[in-house]
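*Asks:* Since the structure of chain A is provided, determine the placement of chain B on it from the hints.
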Amino acid sequence: MMQEGLDDGPDFLSEEDRGPRAVNVDLQTDATLQVDISDALSERDKVKFTVHTKSTLPNFKQNEFSVVRQHEEFIWLHDSFVESEEYAGYIIPPAPPRPDFDASREKLQKLGEGEGSMTKEEFTKMKQELEAEYLAIFKKTVAMHEVFLCRVAAHPVLRKDLNFHVFLEYNQDLSVRGKNKKEKLEDFFKNVVKSADGVLVAGVKDVDDFFEHEKTFLLEYHNRVKDSSAKSDRMIRSHKSAADDINRIASTLYTLGTQDSTDLCKFFLKVSELFEKTRKIEARVAADEDLKLADLLKYYLRESQAAKDLLYRRGRALVDYENANKALDKARAKNKDVLQAETTQQVCCQKFEKISESAKQELIDFKTRRVAAFRKNLVELAELELKHAKGNLQLLQSCLGVLKGDT
Amino acid sequence: MWFSWSPVAWCCLVSAEKDISPSSNGPKAEPVLFLCICAHMSILIVINFFVFLGDGMNAYMVYKVLTKTSLSIFSRDEVCVKRRFSDFLGLHSKLASKYMHMGYIVPPAPEKSIVGMTKVKVGKEDLSSVEFVEKRRSALERYLLRTVKHPALLKDPDVLQFLESSELPRAVSTQALSGAGILRMVNKAADAVNKMTIKMNESDAWFEEKQQQFDNLDVQLRKLHASVESLVCHRRELSVNTASFAKSAAMLGNSEDHTALSRALSQLAEVEEKIDQLHQDQACADFYLISELLGDYVRLITAVKGVFDQRMKTWAKCQDAQVMLQRKREAEAKLQHANKPDKLQQAKDEIREWEGKVQQGERDFEQISKNIRREVGRFEKDRVKDFRVVIIKYLESLVHTQQQLIKYWEAFLPEAKAIA
Numbered sequence: 001m002m003q004e005g006l007d008d009g010p011d012f013l014s015e016e017d018r019g020p021r022a023v024n025v026d027l028q029t030d031a032t033l034q035v036d037i038s039d040a041l042s043e044r045d046k047v048k049f050t051v052h053t054k055s056t057l058p059n060f061k062q063n064e065f066s067v068v069r070q071h072e073e074f075i076w077l078h079d080s081f082v083e084s085e086e087y088a089g090y091i092i093p094p095a096p097p098r099p100d101f102d103a104s105r106e107k108l109q110k111l112g113e114g115e116g117s118m119t120k121e122e123f124t125k126m127k128q129e130l131e132a133e134y135l136a137i138f139k140k141t142v143a144m145h146e147v148f149l150c151r152v153a154a155h156p157v158l159r160k161d162l163n164f165h166v167f168l169e170y171n172q173d174l175s176v177r178g179k180n181k182k183e184k185l186e187d188f189f190k191n192v193v194k195s196a197d198g199v200l201v202a203g204v205k206d207v208d209d210f211f212e213h214e215k216t217f218l219l220e221y222h223n224r225v226k227d228s229s230a231k232s233d234r235m236i237r238s239h240k241s242a243a244d245d246i247n248r249i250a251s252t253l254y255t256l257g258t259q260d261s262t263d264l265c266k267f268f269l270k271v272s273e274l275f276e277k278t279r280k281i282e283a284r285v286a287a288d289e290d291l292k293l294a295d296l297l298k299y300y301l302r303e304s305q306a307a308k309d310l311l312y313r314r315g316r317a318l319v320d321y322e323n324a325n326k327a328l329d330k331a332r333a334k335n336k337d338v339l340q341a342e343t344t345q346q347v348c349c350q351k352f353e354k355i356s357e358s359a360k361q362e363l364i365d366f367k368t369r370r371v372a373a374f375r376k377n378l379v380e381l382a383e384l385e386l387k388h389a390k391g392n393l394q395l396l397q398s399c400l401g402v403l404k405g406d407t
Numbered sequence: 408m409w410f411s412w413s414p415v416a417w418c419c420l421v422s423a424e425k426d427i428s429p430s431s432n433g434p435k436a437e438p439v440l441f442l443c444i445c446a447h448m449s450i451l452i453v454i455n456f457f458v459f460l461g462d463g464m465n466a467y468m469v470y471k472v473l474t475k476t477s478l479s480i481f482s483r484d485e486v487c488v489k490r491r492f493s494d495f496l497g498l499h500s501k502l503a504s505k506y507m508h509m510g511y512i513v514p515p516a517p518e519k520s521i522v523g524m525t526k527v528k529v530g531k532e533d534l535s536s537v538e539f540v541e542k543r544r545s546a547l548e549r550y551l552l553r554t555v556k557h558p559a560l561l562k563d564p565d566v567l568q569f570l571e572s573s574e575l576p577r578a579v580s581t582q583a584l585s586g587a588g589i590l591r592m593v594n595k596a597a598d599a600v601n602k603m604t605i606k607m608n609e610s611d612a613w614f615e616e617k618q619q620q621f622d623n624l625d626v627q628l629r630k631l632h633a634s635v636e637s638l639v640c641h642r643r644e645l646s647v648n649t650a651s652f653a654k655s656a657a658m659l660g661n662s663e664d665h666t667a668l669s670r671a672l673s674q675l676a677e678v679e680e681k682i683d684q685l686h687q688d689q690a691c692a693d694f695y696l697i698s699e700l701l702g703d704y705v706r707l708i709t710a711v712k713g714v715f716d717q718r719m720k721t722w723a724k725c726q727d728a729q730v731m732l733q734r735k736r737e738a739e740a741k742l743q744h745a746n747k748p749d750k751l752q753q754a755k756d757e758i759r760e761w762e763g764k765v766q767q768g769e770r771d772f773e774q775i776s777k778n779i780r781r782e783v784g785r786f787e788k789d790r791v792k793d794f795r796v797v798i799i800k801y802l803e804s805l806v807h808t809q810q811q812l813i814k815y816w817e818a819f820l821p822e823a824k825a826i827a
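Protein chains in written order, with my numbering: chain A, 1 to 407; chain B, 408 to 827.
With the rest of the complex left out, here is chain A (with noise of 0.2 Å):
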């Protein structure tokens, strides 16, 4: 499955549907199967996603259906999948973030506060741009959302998965409120446990070349992975800061050159209305910096870590199978309870072999799924890097021009 991106029109900043929109996602699968987010409402506190699915698979009661899920109905399909013994063996598609729409909120906050400050024209020009970033922050949301879906209905196995289909076509409320704060303590300690496990499980070398391989890959690259999106963030916002600056000296050119009386008036003109537009376009590049690499980097920060969990489960496998066979072996010096130890034995060496096997193909998987989201990415963020230069280089030489020949 690939990564999937936002739709990006020429003019980002004008954008105002919240209508279908494109999504970027390879589907191997045919048409028995497809899912999307064709709407989203966002409320006060929460986002309410109307998920359409068209499928020819006879468990469906029609072809062509939607229902309208939160957030927490995305979250409890997740976890149902995680706690599935049926799945162990399986990466589990990463669960999609909350919606976190308190920055931009604060941020329009502050602007309503400040609003006596300003010129009415800068008091609408940062309103606008918080409202696109609001748009933006929102998009992004359901994109997340959606290839969570997508990632499933192409998986073999998962797409299958009786939750999942509710959760597709159960047209009521599927009442998973929200885990209340007992539920909460008790997840914290479950993670716990299993990363104090983790490290356990980690330090026993593995007999699987294979498998030893991808154990110190992905330990490595999951780190690697979550300092590079930290650090594109910062990137990221320290661009769009300059952005917002340039946009504040464009308006002050903009006064200057009303106010000038002298020849100047027209070259801050001219200047101001340069820096509007460049601004844009600045304003554009952070922007997709954001949707190649930093959301790029993300997902696989989440996807990384959905591998090593399945790893993990695999070490436990591995565990309690050799602690099976240990169990054995004493029965039988024992000559007691043999039969009993057998079965165990046996339940648990079937369990290890059937999740090695699914793992392997899943970590390949990962591999050419990983492989050609990055390319995918790459390529399209130096096709939009170069788009955007060229842009703001023939706007700045135009202007030049301009302001040269008027001596």
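It should be emphasised that the hints constitute simulated quantities derived from the structure, not laboratory data. Some hints could be false.
Said to hold, decoys possible - Straight line, CA to CA, 25 Å or less: simulated DSS-like cross-link-like pairs of lysine-lysine: (1) K160(A) / K376(A); (2) K376(A) / K792(B); (3) K630(B) / K277(A); (4) K630(B) / K127(A); (5) K824(B) / K387(A); (6) K266(A) / K617(B); (7) K367(A) / K824(B); (8) K654(B) / K376(A); (9) K814(B) / K390(A).
*Replies:* Chain B in isolation, oriented as in the chain A frame:
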């Protein structure tokens, strides 16, 4: 690259063993302004080499001021002198006291900076000290260039002495001569204006209009300056964050086990590293071209407002003289009826004295009004030229940055496509 780097300037400030990587040095700003003066007046001033004398907190920086000229008022066509910062302040103080009350716009000297200088004295050889010294050198250069651009100041004996004579008496009480000192002088004039009991009846609309314009300009330039300073700050931040990301991407490339992708990620890291340098250079352009120019003009406009206030002060003096004359006349009229001949004579003398003062006051007021009109005309012409030259140069720097970006990404694109 249009920033030149002169390593010679640094060898006295830091010992040879210290490793200073190229990216940590602040590039020297080209004296952009001399380009417009040179063609005009055949004089070139460059402040180049400097040296740290003394030690500890008593240490001071000595600047070498090189003047090259074909003008006959100079005794030689090339002369180099050593000056310290307080000498510059001293020069400005002399010029301000001589010419400001006549309505001449005397270019303000650079600000004193105790914090900045202390860091340098204490031997902090980090990027901020390096930048501070370069910022000051550049500011002093611009100060002298603006001073000699003024036709009256150029001929002033103090200016000539400053540029030519090898020995200069040390300027005393430089606290009074600092930017704050001059501000105090300007504020005193403003206070005098505010205390005027009779508000000036402005018969000349030109002055009222011009004052309003300069007030507006002041507000907008300060705003612009603040935004540009913010931009400089964010671009520097961007440069640092890009460098940090580049390193991280290189590490990611190292840990990636798919060969072609690993190579592409390393290439991405290299591109980002080059871009970080680009951002740094651009931030320098933002700073040395635009930010410093705006800072200079904010201070210059304070000087302009100062001469307007001087005019009002002159008018007030003239008014006071008239009031005094009136009183003397009234006193004389009273004495006409009393029989005190010598007091009467004294009164008549005093009337003549004050008639003279009134005439002088009126002449002064006319003269300062005439001077200000001429000065403002010259100032505005220079302002137009300065801004045009600098903004065009700045846009050219932006063009260069975009051209480099295109080069880097064009080189990277095939690498990304090569991932198989």
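*Asks:* Tell me the numbers of any earlier hints that the structure contravenes, in ascending order.
*Replies:* Failing hints, ascending: 1 and 2.
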